Amino acid sequence: QVQLVQSGAEVKRPGASVKVSCKASGNTFANYDINWVRQATGQGLEWMGGMNFNSGNTVHAQKFQGRVTMTRDTSRSTAYMELSSLTSEDAAVYYCARVMDKWPSFDYWGQGTLVTVSS
Amino acid sequence: QSALTQPPSASGSPGQSATISCTGTSSDVGGYKYVSWYQQHPGKAPKFIIYEVNKRPSGVPDRFSGSKSGNTAFLTVSGLQAEDEADYYCSSYSGSNNPVIFGGGTKLTVL
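Here the protein sequences line up with chains A and B, keeping their order.
End of the first sequence sits at 173 in my numbering; the numbers just go up one at a time, nothing left out.
End of the second sequence sits at 122 in my numbering; the numbers just go up one at a time, nothing left out.
Hints are computed from structural coordinates only; laboratory data are not their basis.
Given the structure is predicted, the values throughout are model-derived calculations rather than measurements.
Any given hint could turn out to be false.
Unchecked claim - Calculated cross-link-like contacts (lysine-lysine; reagent style DSS-like; alpha-carbon spacing at most 30 Å):
| id | chain 1 | residue 1 | chain 2 | residue 2 |
| --- | --- | --- | --- | --- |
| 1 | B | LYS66 | A | LYS156 |
| 2 | B | LYS58 | A | LYS73 |
| 3 | A | LYS117 | B | LYS118 |
| 4 | A | LYS66 | B | LYS79 |
| 5 | B | LYS118 | A | LYS156 |
| 6 | A | LYS73 | B | LYS79 |
| 7 | A | LYS66 | B | LYS44 |
| 8 | B | LYS66 | A | LYS66 |
| 9 | B | LYS66 | A | LYS73 |
| 10 | A | LYS156 | B | LYS58 |
| 11 | A | LYS73 | B | LYS44 |
| 12 | B | LYS66 | B | LYS55 |
| 13 | B | LYS79 | A | LYS77 |
| 14 | B | LYS58 | A | LYS77 |
| 15 | B | LYS118 | B | LYS44 |
What the hints assert, rightly or not - Stretch by stretch, here's where chain A covers chain B in the computed footprint (C-beta under 8 Å, at least three residues):
| id | segment |
| --- | --- |
| 16 | 31-40 |
| 17 | 92-106 |
| 18 | 110-121 |
Think of the CB as a built atom: it goes at the ideal place given N, C-alpha and C, for glycine as much as any other residue.
Please take these sequences and the hints and turn them into a complete structure.
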């Protein structure tokens with residue numbers, strides 16, 4: 055049984071960066087793409103980008119150009135998403151999700167990480 | 012790129028059916044067979060219920076079905092049950108530059 059376990063809630067100041075982790079248990083990320091999706095309170099889902107866990111190649115939504123960095127630690131079966139220059143509009147729950155074969159089929163999701171941006 | 016268009020709400024009585032639409036363009040929904048649907052209960056992560064327009068992942072009841080006509084995809088929930096009350100999101104592949112786009116979500120109420 056695949057489980058994606060994310061890091062805990064974060065509180066950040068405007069202008070700071072946040073790094074969220076996503077660890078696979080029950081299976082590894084090998085041969086899969088891991089994507090990141092966020093959801094502001096009371097709002098819909100927003101795709102941020104994704105990474106092939108084997109190659110480390112990434113693709114991201116144009117909206118996050120220059121602000122989002124996706125990395126991985128293959129030895130720990132863990133993917134990371136770092137978002138910089140935070141504003142109040144970045145306050146959201148951030149989810150990692152595994153891609154089943156092709157976009158936009160996200161078959162397993164992490165539990166979500168709440169990021170609060172407050173001065 | 013704008014989100015896919017979903018109605019904010021839908022409803023149906025227990026045992027009846029409800030259908031949710033998801034309208035895009037020829038650059039996303041209309042151009043590819045890659046449309047997925049997700050169910051989300053309050054405070055929970057989304058759950059994968061339909062992929063490639065009309066395929067169900069293992070374990071998803073056959074009460075959930077998907078279809079597409081032109082630039083609009085549809086999710087139909089038959090034999091509505093109380094636990095089907097949730098938010099539903101569609102998603103489509105939209106090309107290599109910005110590959111994934113979501114709909115704004117539809118709140119399904121079981122009356």
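Okay, the hints, checked on the actual structure:
1. B:LYS66 to A:LYS156: Measuring from Cα to Cα gives roughly 13 Å; hence the hint holds.
2. B:LYS58 to A:LYS73: This hinted pair holds, its Cα atoms lying about 24 Å apart.
3. A:LYS117 to B:LYS118: With Cα atoms ~26 Å apart, A:LYS117 and B:LYS118 stay inside 30 Å; holds.
4. A:LYS66 to B:LYS79: Roughly 42 Å between the alpha carbons, so the hint for A:LYS66 and B:LYS79 is violated.
5. B:LYS118 to A:LYS156: holds, 26 Å
6. A:LYS73 to B:LYS79: Given that 30 Å is the threshold and the Cα spacing comes to 38 Å, the pair is violated.
7. A:LYS66 to B:LYS44: violated, 40 Å
8. B:LYS66 to A:LYS66: violated, 41 Å
9. B:LYS66 to A:LYS73: Given pair B:LYS66, A:LYS73 is violated - Cα atoms ~35 Å apart, limit 30 Å.
10. A:LYS156 to B:LYS58: holds, 16 Å
11. A:LYS73 to B:LYS44: Violated, because 34 Å separates the two Cα atoms, which is more than 30 Å.
12. B:LYS66 to B:LYS55: holds, 23 Å
13. B:LYS79 to A:LYS77: Violated, at roughly 35 Å.
14. B:LYS58 to A:LYS77: holds, 18 Å
15. B:LYS118 to B:LYS44: At roughly 24 Å apart (the allowed maximum being 30 Å), B:LYS44 and B:LYS118 satisfy the hint.
16. 31-40: It is violated: at least three residues are needed, and the segment 31-40 of chain B offers just 0 whose Cβ sits closer than 8 Å to chain A.
17. 92-106: Our answer is that it holds, as 4 residues pass the Cβ test (under 8 Å) against chain A, meeting three.
18. 110-121: Coverage by chain A holds for the segment 110-121 of chain B (7 residues, Cβ < 8 Å).
In this structure, the hints that do not hold are numbers 4, 6, 7, 8, 9, 11, 13, 16, in rising order.
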